[in-house]
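Asks: Protein chains in written order, with the numbering used here: chain A, 1 to 325; chain B, 1 to 395.
For the record, the hints were derived by calculation from the structure and aren't laboratory data. Incorrect hints may appear among the rest.
Stated by the list, open to error - Below, in silico cross-link-like pairs of lysine-lysine (BS3-like), each with a Cα-Cα straight-line distance of 27 Å or less:
| id | chain 1 | residue 1 | chain 2 | residue 2 |
| --- | --- | --- | --- | --- |
| 1 | B | K211 | B | K226 |
| 2 | B | K211 | A | K111 |
| 3 | B | K211 | A | K101 |
| 4 | A | K111 | A | K186 |
| 5 | A | K186 | A | K249 |
| 6 | B | K208 | A | K111 |
| 7 | A | K176 | A | K209 |
| 8 | A | K101 | B | K11 |
| 9 | A | K275 | A | K176 |
| 10 | A | K111 | A | K101 |
| 11 | B | K351 | B | K379 |
| 12 | B | K11 | B | K259 |
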Amino acid sequence: MSSDAVRQQGEASSAQVRSLFEVERRERLAPGHRACAGCGPMIAVRQILQASQEDPVVVNATGCVEVVTSVYPETAWLVPWAHVAFENSAAVTSGVEAAMKALVRRGELDKERPVVVFAGDGGTFDIGIQALSGALERGHRMLYVCYDNEAYMNTGIQRSGATPYGAWTTTSPYGKIWPGKRERKKDIMGIVAAHGIPYAATASISHWKDLMTKVRKALSYDGPTFLHVYAPCNRGWRFDPSLTVEVAKRAVETRFFPLYEVEGGRYRITLPVTKPRPLEDFLSIQGRFRHLLLPQYREALETLKRMVDEQWERINRMAAATAGS
Amino acid sequence: MEVQQRVEMKKVFITGDDAVAHAARQSRVDLVAAYPITPQTVIVERIADFAANGEFEGEFVAVESEHSAMSACIGGALTGARVFTATASQGLAFMHEMLYAASGLRLPMVMAVANRALNSPLNIHNDHSDIMGSRDSGWILLFAENAEEAYDRVIQGFRISEAVNLPVAVNLDGFTLTHSAEVVNMLSDEAVGAFVGRPPRRNTLLDKEPKSFGMMALPDTYQFFKEDQQRAIEGSRQAILAVEREYGELSNRKYGPIKAFRAEDADVVMIMLGSYAGTARAAVEATRSEGIRAGVVSLGWYRPFPADELLRAVEGASTLLVMDRSVSYGAIAHPLASDVMAALYRAGIRKRVVNVAYGLGGRWFTEDDARRLFRYASKPGPDFESFFYYGGESE
Ligand SMILES: Cc1ncc(C[n+]2csc(CCOP(=O)(O)OP(=O)(O)O)c2C)c(N)n1
Numbered sequence: 001m002s003s004d005a006v007r008q009q010g011e012a013s014s015a016q017v018r019s020l021f022e023v024e025r026r027e028r029l030a031p032g033h034r035a036c037a038g039c040g041p042m043i044a045v046r047q048i049l050q051a052s053q054e055d056p057v058v059v060n061a062t063g064c065v066e067v068v069t070s071v072y073p074e075t076a077w078l079v080p081w082a083h084v085a086f087e088n089s090a091a092v093t094s095g096v097e098a099a100m101k102a103l104v105r106r107g108e109l110d111k112e113r114p115v116v117v118f119a120g121d122g123g124t125f126d127i128g129i130q131a132l133s134g135a136l137e138r139g140h141r142m143l144y145v146c147y148d149n150e151a152y153m154n155t156g157i158q159r160s161g162a163t164p165y166g167a168w169t170t171t172s173p174y175g176k177i178w179p180g181k182r183e184r185k186k187d188i189m190g191i192v193a194a195h196g197i198p199y200a201a202t203a204s205i206s207h208w209k210d211l212m213t214k215v216r217k218a219l220s221y222d223g224p225t226f227l228h229v230y231a232p233c234n235r236g237w238r239f240d241p242s243l244t245v246e247v248a249k250r251a252v253e254t255r256f257f258p259l260y261e262v263e264g265g266r267y268r269i270t271l272p273v274t275k276p277r278p279l280e281d282f283l284s285i286q287g288r289f290r291h292l293l294l295p296q297y298r299e300a301l302e303t304l305k306r307m308v309d310e311q312w313e314r315i316n317r318m319a320a321a322t323a324g325s
Numbered sequence: 001m002e003v004q005q006r007v008e009m010k011k012v013f014i015t016g017d018d019a020v021a022h023a024a025r026q027s028r029v030d031l032v033a034a035y036p037i038t039p040q041t042v043i044v045e046r047i048a049d050f051a052a053n054g055e056f057e058g059e060f061v062a063v064e065s066e067h068s069a070m071s072a073c074i075g076g077a078l079t080g081a082r083v084f085t086a087t088a089s090q091g092l093a094f095m096h097e098m099l100y101a102a103s104g105l106r107l108p109m110v111m112a113v114a115n116r117a118l119n120s121p122l123n124i125h126n127d128h129s130d131i132m133g134s135r136d137s138g139w140i141l142l143f144a145e146n147a148e149e150a151y152d153r154v155i156q157g158f159r160i161s162e163a164v165n166l167p168v169a170v171n172l173d174g175f176t177l178t179h180s181a182e183v184v185n186m187l188s189d190e191a192v193g194a195f196v197g198r199p200p201r202r203n204t205l206l207d208k209e210p211k212s213f214g215m216m217a218l219p220d221t222y223q224f225f226k227e228d229q230q231r232a233i234e235g236s237r238q239a240i241l242a243v244e245r246e247y248g249e250l251s252n253r254k255y256g257p258i259k260a261f262r263a264e265d266a267d268v269v270m271i272m273l274g275s276y277a278g279t280a281r282a283a284v285e286a287t288r289s290e291g292i293r294a295g296v297v298s299l300g301w302y303r304p305f306p307a308d309e310l311l312r313a314v315e316g317a318s319t320l321l322v323m324d325r326s327v328s329y330g331a332i333a334h335p336l337a338s339d340v341m342a343a344l345y346r347a348g349i350r351k352r353v354v355n356v357a358y359g360l361g362g363r364w365f366t367e368d369d370a371r372r373l374f375r376y377a378s379k380p381g382p383d384f385e386s387f388f389y390y391g392g393e394s395e
């Protein structure tokens with residue numbers, strides 16, 4: 001399919017989600033799973049499943065979501081679901097998708113089903129990136145969702161390539177020398193978009209209409225699409241379970257986590273934050289950054305602020321450069 | 001008695017890799033996901049050729065690694081499709097984690113393993129170190145002695161794996177079988193298509209009623225799954241025999257768990273896996289002319305292990321010369337010998353066992369080597385001994 005055709009198809013079906021009445025009422029994720037109270041990733045999963053207009057087949061990487069939903073003999077999944085391992089959900093999905101094509105050709109399956117992958121930031125940014133890149137390059141039709149809680153939470157809060165600079169985790173503790181994590185967060189959107197896939201977007205559980213609209217857009221494309229969803233973890237980030245959505249919201253409002261999409265190569269900010277809140281509003285309501293507000297970590301705080309600004313500017317530059325292209 | 005040949009066969013002069021690729025094509029595979037590695041590469045290339053020319057009905061996915069090849073096969077098998085892959089050596093090692101997922105999920109599939117050494121040091125030649133590292137991953141392990149047998153066992157593999165819901169690995173010695181051309185009597189596409197049929201219905205990811213696969217099992221249930229797997233692979237003996245019998249009627253080619261050559265009256269029996277069995281058999285006559293009653297037993301199946309058939313075949317022998325093409329570092333005996341000795345112990349039999357590690361990294365093994373070893377083993381010695389044998393020269 002030409003990139004123009006892809007773009008038209010995406011735009012034609014980009015049905016903006018405006019109210020809850022447009023959303024599938026039948027639950028696709030059963031209540032009674034074992035997630036922590038206030039779990040951000042589970043909110044993401046439920047929103048994404050409800051946004052889909054069809055029952056998808058779900059492939060799940062090892063991680064919190066998988067572990068809390070599938071303790072034998074119970075399952076929380078009311079849609080077909082498979083888990084194989086931590087790093088390979090994109091590869092497993094490649095097989096599911098290719099096999100469906102063959103089965104349709106044989107007349108043993110009426111049509112291909114949409115496949116949605118749920119993988120954490122560890123399963124996406126780090127150990128799973130090779131399989132993800134391969135699947136994107138080969139063009140398998142799937143919606144790959146990375147729910148980003150910015151660390152390996154299932155194994156007990158270790159740093160990942162998605163952990164932001166300065167954040168505390170058990171493998172990036174702060175101390176006399178370390179300011180918390182010493183490296184920047186990987187630009188997964190840049191990496192994914194560089195594959196030239198039809199659609200990639202960031203989203204946050206705090207902005208559900210934006211998120212659901214992006215899910216529908218992504219599912220309308222005949223090719224690989226990617227959703228990078230911000231999904232706070234109260235255990236790992238150290239905040240009160242009642243604040244999950246608030247924390248996610250502040251990440252967006254401080255420009256810490258910008259909402260944008262890359263469609264047919266064009267960058268577009270879907271939630272322009274013209275007057276950002278001070279970054280401290282986001283940092284101070286959780287424990288993992290609290291040390292940055294102490295005088296001895298001032299330099300680290302400045303570095304983090306610079307990174308946030310640079311990221312915002314970069315995305316804006318990309319949006320300006322690709323507008324109307 | 002001449003057995004009536006029911007189907008037409010075509011004599012072709014092809015390599016083992018080509019034979020395997022044809023077997024996969026004729027078995028009406030839905031998905032091939034594979035990654036190249038010597039000496040398996042040709043299999044992947046051939047299937048790509050078939051796909052490019054419209055001769056392959058399935059999807060060919062050139063994945064970015066072996067880990068993803070096995071992962072994609074698992075994904076494909078979860079939909080109920082028939083899947084195939086091939087690998088060797090480092091590729092098989094890279095798949096290791098996923099081998100357990102495939103068998104644990106009870107997914108039928110066939111994989112050809114073009115057996116090759118593992119590094120370090122780097123070596124692309126044949127031995128069995130790769131598959132022995134995967135020995136306990138819950139796969140049915142079959143060994144071929146020549147290209148035609150590799151072809152046959154791949155075709156049979158689909159029926160076997162779909163009958164018992166376990167994956168099957170067909171092992172063929174790298175280069176010796178993969179790269180040398182032999183005459184293969186190929187069945188027609190129609191005959192193979194009819195023999196393999198379509199995969200039987202089973203629980204899949206595409207069922208109307210949504211199902212969950214690959215769940216988490218806590219200590220209260222995990223072991224039940226493992227016991228089921230053990231029962232399934234034990235129970236696969238009957239299925240393998242039945243498929244081999246049916247295939248034999250079609251092709252007039254009879255296989256089985258073991259191939260015994262002059263073992264009935266042998267005093268020293270050489271027990272082996274893979275292509276060097278032919279070399280050993282060729283040495284039997286000359287060895288016997290020296291007054292040593294030699295015999296050879298080669299194994300067509302390694303998992304499930306054909307203990308009863310093997311013991312029956314070596315009943316009269318006083319010495320077993322067990323030939324291992326891989327090393328179990330620090331163990332008392334190498335893999336094949338460990339199994340043979342366990343079988344003897346279970347049956348309450350004591351024989352002299354000489355365990356020989358040989359042919360590692362493709363080191364040659366000649367008829368003269370076999371004779372030398374028969375000669376050595378026929379002399380009195382300790383009940384058990386184990387050593388490395390470096391042959392490859394003529395007397
Ligand atoms: C090959 C492999 N290495 C390590 C692990 C252990 N492990 C399981 S889940 C996990 C972290 C998952 O992190 P992420 O993908 O961010 O998801 P989350 O737990 O945050 O939901 C790790 C390290 C594993 N299962 N497999």
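Asks: Now tell me, hint by hint, if it's right for this structure.
Replies: Do the hints match the structure? See the list:
no.: 1; hint: K211(B) with K226(B); in the structure: holds (20 Å)
no.: 2; hint: K211(B) with K111(A); in the structure: holds (19 Å)
no.: 3; hint: K211(B) with K101(A); in the structure: holds (20 Å)
no.: 4; hint: K111(A) with K186(A); in the structure: violated (37 Å)
no.: 5; hint: K186(A) with K249(A); in the structure: holds (21 Å)
no.: 6; hint: K208(B) with K111(A); in the structure: holds (13 Å)
no.: 7; hint: K176(A) with K209(A); in the structure: violated (43 Å)
no.: 8; hint: K101(A) with K11(B); in the structure: violated (34 Å)
no.: 9; hint: K275(A) with K176(A); in the structure: violated (35 Å)
no.: 10; hint: K111(A) with K101(A); in the structure: holds (8 Å)
no.: 11; hint: K351(B) with K379(B); in the structure: holds (13 Å)
no.: 12; hint: K11(B) with K259(B); in the structure: holds (24 Å)
Checked against the numbered hints listed earlier, the structure breaks hints 4, 7, 8 and 9; every other hint is satisfied.
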